[in-house]
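Engineer: Protein sequences, first through last, are from chains A and B. Numbering-wise (the working numbering), the first sequence opens with residue 1 and increments by one. Numbering-wise (the working numbering), the second sequence opens with residue 1 and increments by one.
In case anyone wonders, no lab produced these hints; they're calculated from the structure. Check each hint, because a few of them may be wrong.
To be verified - A short list of chain A residues far from chain B (calculated; beta carbon distances all over 12 Å):
#	residue
1	Y125
2	D134
3	Y195
4	K218
5	I262
6	K272
Unchecked claim - Computed from the model, here is a short list of chain A residues facing chain B with C-beta under 7 Å:
#	residue
7	S33
8	H98
9	A111
10	G176
11	L269
What the hints assert, rightly or not - SDA-like cross-link-like pairs, simulated, lysine to any residue; straight-line CA separation at most 25 Å:
#	chain 1	residue 1	chain 2	residue 2
12	B	K261	A	K24
13	B	K44	A	N178
14	B	K48	A	Y173
15	A	K24	B	K48
16	A	K296	B	S300
17	B	K48	A	A183
18	B	K176	A	G30
19	A	K55	A	D133
20	B	K176	A	E311
21	B	K177	A	H312
22	A	K24	B	K185
23	B	K185	B	S300
24	B	K156	B	Q190
25	B	K261	A	H312
26	B	K261	A	R248
27	B	K261	A	K296
28	A	K190	A	Y173
29	B	K176	A	V241
30	B	K177	A	S242
31	B	K321	B	D239
32	B	K249	B	K321
33	B	K261	A	Y315
34	B	K261	A	E305
35	A	K257	B	Q190
36	B	K48	A	R248
37	B	K44	A	K55
38	B	K44	A	S249
Bear in mind that the values here come from a model prediction, so they are computed numbers and not experimental data. From the three backbone atoms N, C-alpha and C, an ideal C-beta is built for every residue, glycine too.
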Amino acid sequence: MNKLLAEEMYYLMVLGRAFEYGAKENYMKGNISGFLHLDIGQEALSVGAIKAFEKGDIFSGYREHIMAISRGLEPKAVMAELFGKSTGVSGGKGGSMHLFEPSHYFYGGDAIVGGQLPNAVGCAYARALQENDDGVMAIFGDGATNGGAFFESLNIAATHKLPLLFLCENNEYAIGTNIRRTAPFREQAKKAEPYMPTYEVDGMDAEAVYEVVSQARKQIEAGHGPVFVEAFTCRYEGHSVSDANSYRSAQEMAHCKARDPIEKFKKALHEKWLCTEEEIQNIEIKAQKAVEDAVKYAEESPEPEPEALFEHVFYQEHKNVVS
Amino acid sequence: MLYREALNRALDEVMSADDSVVTLGEDVGLYGGSFRVTEGLVEKYGEKRVIDTPIAELSIVGNAVGMAIGGLRPVAELMTGNFSLLAFDQIINHMAKLHYMSNGKIILPMVVRFPQGVSRQLAAQHSESYEQMLSAVPGLRVLSVNDVNYAYHALKYAILSDDPVVFIEHELLYNKKGEVDFAQKLDPFQARIAKEGSDITIVSYLKMVDDVMLAVPEIEEALGCSCEVIDLCSLNPIDYETLIESIQKTSRLVMVEEDHKTGGYGAQIISWAAEEMFYALDAPPLRLAGEDVPVPYNRSLELSSIPTPESIAQDIIAWGKNNEL
Ligand SMILES: Cc1ncc(C[n+]2csc(CCOP(=O)(O)OP(=O)(O)O)c2C)c(N)n1
Ligand SMILES: [Mg+2]
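Next up, chain A with everything else stripped away, as it sits in the complex (with noise of 0.2 Å):
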C-alpha cells in the first residue's frame, strides 16, 4: 500500500458510509423501498477487499453498494438503482440487492443467502479453462456458511484447484439470529480447513484487509487452488432498514463502534501516511459532495417507461433462434 491508494481507500470508506446513510434518509423519505442493507461498520472489509482484488471477476450478495462503488461503479448509478429509476445499475429493475456490472466484471448482486457461492465456483472454473491469470472472489456472510451451496462449493472449487477466494464478512449475526446459535463455533473458517489454506483478519481494519486479501490472491493467481478469508466484522445498523436491531444489548453496540474502522484508518493516515488535517478534511468534502450529487442524480433521473416491464427476459428473441 502507498499514501495515493491509502488515500483512495479513506475516500472509499467516507463516501461509503456517507452514501449508506444517503441511502436511509431517503428510504424514510420514501425515495427507495423493498429490503435496504446497510454496510455502515463493515466499510474497512468492502473497501479493502475489493481494492485488494483489483482484477478479477468479484461475487457478492445484497449488502453490495460500497463494494459496488469500490469496483469503479458510479455512485450515482448505484444511488439512482436504489431510487427504481433507468439511469440505474440496473434500470430500475433489481434495487438495492441487485447491482451487476459485467464491464467491472461485478456480479452483485445476489439476494438469495448462498446463492453466488456455486456461480462464483463456476466462473473460476471457467477463468480456470481459458487459462487466464485473473481468478475469482466470493463474497458472503457468516450466515451463508450454514449451507449446502457452501460445503459444495468449498469441495468443487478444492477438487478443481479453482481460483477461488472464499471471502466470509463474519458479522456474526444472521438478520436478528448469532451465528453461535446455529453453528458450534464462532470462527467460520474452520470449516474450510480441510479443503484449503485459511486465514483470519480483523475486518475492522482496512490496512489488515488489504493485506491479507492481497496475498491470498496471489496465492489463487499462482495455480494452488482456492483460499478461505475470514474478516470479523460487525454491522451498526439493523440487518435491513426495517430491522430494529432489537437482539443486540447497548454494550454490545458499544463494543463493536468502539472498533470504528474508518476512525482507525484515519489514524493511520496520520500516523503512517502523514496526511495533514487538511488533506483528510478536503477528502471528506469530496466524498460528502459525491453523495450529495448521487441522491440529486437519482431525484431528477426519470422511472423507466412502462415497456421496460417486459425487456430482457431474454437476451434472443425465440423467432430469431435457428438450429
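Got chain A; can you put chain B with the ligands on it based on the hints?
Structural biologist: Below, chain B with the ligands without anything else, positioned relative to chain A:
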C-alpha cells in the same frame, strides 16, 4: 385480531395441548419470526420446541420430515417462497411421496408454512408465488389463506392432520384485521363465499381476493350486475362443488391470481370449467394473472406486473361489455 395473531394463536393452542408439536425455521425463536407469527412462543415452550435453524432450507423441510417419522408434529416455517426453492427436493421427493412409496406405512403429520407473493418492491428473488408447482404434486395438501378466521382454523387443522400440508400465506396479509369465531367447526377444504352475487363468479385466493373485493363496487356499477366472489382456500384438493353451484347460478366465470399467467394456478380452474362447465357458461371465461416476467423492483413496473384493484375492475368491465353483460 390480525392475520398473524390468528396464526400465532393457532400455533400456541396446539403447542400447549400437544407436546409433540414443534416449530422450526430461520429466526422463529428469539427474534419472534420475520412476520412475527411465532412471537412469544419460545418464551412459553422453550428453545427445544421453538427451533432457530441455520439458513438451510433443505434441512428445515428435510429435518421436519425426519421429525415426523420420529413421532413429532413439526411446523416448518420457510421465510419466503423464493427461498423455499432450496427445499423443493425435500418437499416433492420426500414430504409428498414417502407415504405412497411405503404403501402407507410412513405417516407424515407435518406442515410447511409458506409465506409468498409480491410484497412491496422486494424485487425478483423475493416476490414469486409457487402454488402452481405445489398443487401439481400428488401427496401434498395445499391450503391458501386470505381470511383471518380461516387462518386460525385451517392452521389448527393442518397441524393436527396426519398428512403433509403446505400452508400458503401472503406477505401483505399479516396485518390484515378480522374476526375469529373460535367455536366454529370449519372445513378447511371448503371454498369460502366472500361475497354472494348472481351474475359473475369471480374465483380467487390469497391477497387477490381482497383486491377483487375492492374492485367489485366499480364493476357492479359499470355493468349493472352482481358479482359472486369465491375464495378457494384449499388449492389442492379443489372444492369444485362450490364452484359448480356458483357457475350454474351466474353462467360467467372470472379467475384472478397473482402468479405468472403461463402455467399459472388458475389455468387449472379454467381448463376444468372448459371440460366440465362448458354448457353452463354464457361467455368465454376470463383469466387475470401476473405477467410472464420476473417481478421488477421499480414500484410502477412492479404494480403493472400483477393484477391490481384498478386493473381488475377495468379488465372485467371491458370483458363484461364485450360479452353482453
Ligand atoms: C436462501 C435464503 N434464505 C433466507 C434468506 C433470508 N435472509 C436474507 S439475509 C439473511 C441473513 C444472512 O446472514 P449473513 O449470511 O450472515 O449475511 P449478513 O446479512 O450478515 O451480511 C437471511 C436469513 C435469503 N435471502 N435466502
Ligand atoms: Mg452475518
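Engineer: Indicate, hint by hint, whether the structure satisfies it.
Structural biologist: Now the hints, each set against the structure:
1. Under the 12 Å C-beta cut-off, the non-interface status given to Y125 (chain A) relative to chain B holds; the minimum distance is some 22 Å.
2. At the 12 Å boundary, the C-beta of D134 (chain A) stays outside the reach of chain B, the nearest C-beta of that chain being 27 Å off.
3. Look at Y195 (chain A): its CB is around 19 Å from the nearest CB on chain B, clear of 12 Å, so calling it non-interface holds up.
4. Here K218 (chain A) stays apart from chain B, with its beta-carbon at least about 32 Å from theirs, past the 12 Å limit.
5. With a minimum CB-CB distance of about 29 Å to chain B, I262 (chain A) clears the 12 Å threshold, and the non-interface call stands.
6. Distance check on K272 (chain A): its Cβ is at least 39 Å (rounded) from any Cβ of chain B, clearing the 12 Å threshold; non-interface status holds.
7. Because the closest C-beta pair between S33 (chain A) and chain B is about 4 Å apart, less than 7 Å, the hint holds.
8. This hint holds: H98 (chain A) has a C-beta 6 Å from the nearest C-beta of chain B, less than the 7 Å allowed.
9. Annotation: A111 (chain A) was flagged as interfacial toward chain B, and the flag holds, the nearest CB pair being 4 Å apart, inside 7 Å.
10. Restraint check, G176 (chain A) versus chain B: the minimum CB separation of about 4 Å is within 7 Å; hint holds.
11. Given hint, L269 (chain A) at the interface with chain B, is violated; its Cβ is 37 Å from that chain's nearest Cβ, farther than 7 Å.
12. A distance of roughly 36 Å separates the Cα atoms of K261 (chain B) and K24 (chain A); the hinted pair therefore is violated under the 25 Å criterion.
13. Pair hint K44 (chain B) plus N178 (chain A) holds up; C-alpha atoms about 21 Å apart against a cutoff of 25 Å.
14. Our distance criterion of 25 Å between C-alpha atoms is met by K48 (chain B) and Y173 (chain A), whose separation comes to about 21 Å.
15. Under the criterion of a C-alpha separation no larger than 25 Å, the hint pairing K24 (chain A) with K48 (chain B) is inconsistent with the structure, at around 37 Å.
16. For the proposed pair K296 (chain A) and S300 (chain B), the alpha carbon gap of about 21 Å is at most 25 Å, so the pair holds.
17. Restraint check for K48 (chain B) and A183 (chain A): the C-alpha separation of about 16 Å stays at or below 25 Å, so the hint holds.
18. Proposed proximity of K176 (chain B) and G30 (chain A) is supported: the alpha carbons are some 22 Å apart, at most 25 Å.
19. Our distance criterion of 25 Å between C-alpha atoms is met by K55 (chain A) and D133 (chain A), whose separation comes to about 10 Å.
20. With a C-alpha separation of about 35 Å, the suggested pair K176 (chain B) and E311 (chain A) falls outside the 25 Å cut-off, and the hint is violated.
21. Distance check on the hinted pair: K177 (chain B) and H312 (chain A) sit about 39 Å apart at the alpha-carbon level, beyond 25 Å; violated.
22. Of the pairs offered as hints, the one joining K24 (chain A) and K185 (chain B) is violated, with about 48 Å between alpha carbons and a cut-off of 25 Å exceeded.
23. Distance check on the hinted pair: K185 (chain B) and S300 (chain B) sit about 42 Å apart at the alpha-carbon level, beyond 25 Å; violated.
24. A C-alpha spacing of about 15 Å is found between K156 (chain B) and Q190 (chain B), which places the hinted pair at or below 25 Å, so the restraint holds.
25. A distance of roughly 18 Å separates the Cα atoms of K261 (chain B) and H312 (chain A); the hinted pair therefore holds under the 25 Å criterion.
26. The hinted pair formed by K261 (chain B) and R248 (chain A) fails the criterion: a straight-line CA distance of about 44 Å is larger than 25 Å.
27. Between K261 (chain B) and K296 (chain A) the alpha-carbon distance is near 38 Å, which puts this suggested pair outside the 25 Å criterion.
28. Under the criterion of a C-alpha separation no larger than 25 Å, the hint pairing K190 (chain A) with Y173 (chain A) is consistent with the structure, at around 17 Å.
29. Restraint check: the Cα-Cα separation between K176 (chain B) and V241 (chain A) comes to about 23 Å, which is no more than 25 Å; the hinted pair holds.
30. Between K177 (chain B) and S242 (chain A), the direct Cα distance comes to roughly 22 Å. Compliance with the 25 Å bound is thereby established for this hinted pair.
31. Of the pairs offered as hints, the one joining K321 (chain B) and D239 (chain B) is violated, with about 29 Å between alpha carbons and a cut-off of 25 Å exceeded.
32. At roughly 20 Å between alpha-carbon atoms, K249 (chain B) and K321 (chain B) fall within 25 Å of each other, so this suggested pair holds.
33. About 21 Å separates the Cα atoms of K261 (chain B) and Y315 (chain A), which keeps this hinted pair within 25 Å; it holds.
34. Taking the CA atoms of K261 (chain B) and E305 (chain A), the gap is about 22 Å. The hint holds against a cut of 25 Å.
35. A threshold of 25 Å between alpha carbons decides the hint, and for K257 (chain A) with Q190 (chain B) the separation of about 56 Å lies outside it, so the pair is violated.
36. The suggested pairing of K48 (chain B) with R248 (chain A) holds, with an alpha-carbon distance near 22 Å, which does not exceed 25 Å.
37. A C-alpha spacing of about 53 Å is found between K44 (chain B) and K55 (chain A), which places the hinted pair above 25 Å, so the restraint is violated.
38. About 22 Å separates the Cα atoms of K44 (chain B) and S249 (chain A), which keeps this hinted pair within 25 Å; it holds.
Going through the hint list in order, the structure does not satisfy hints 11, 12, 15, 20, 21, 22, 23, 26, 27, 31, 35 and 37.
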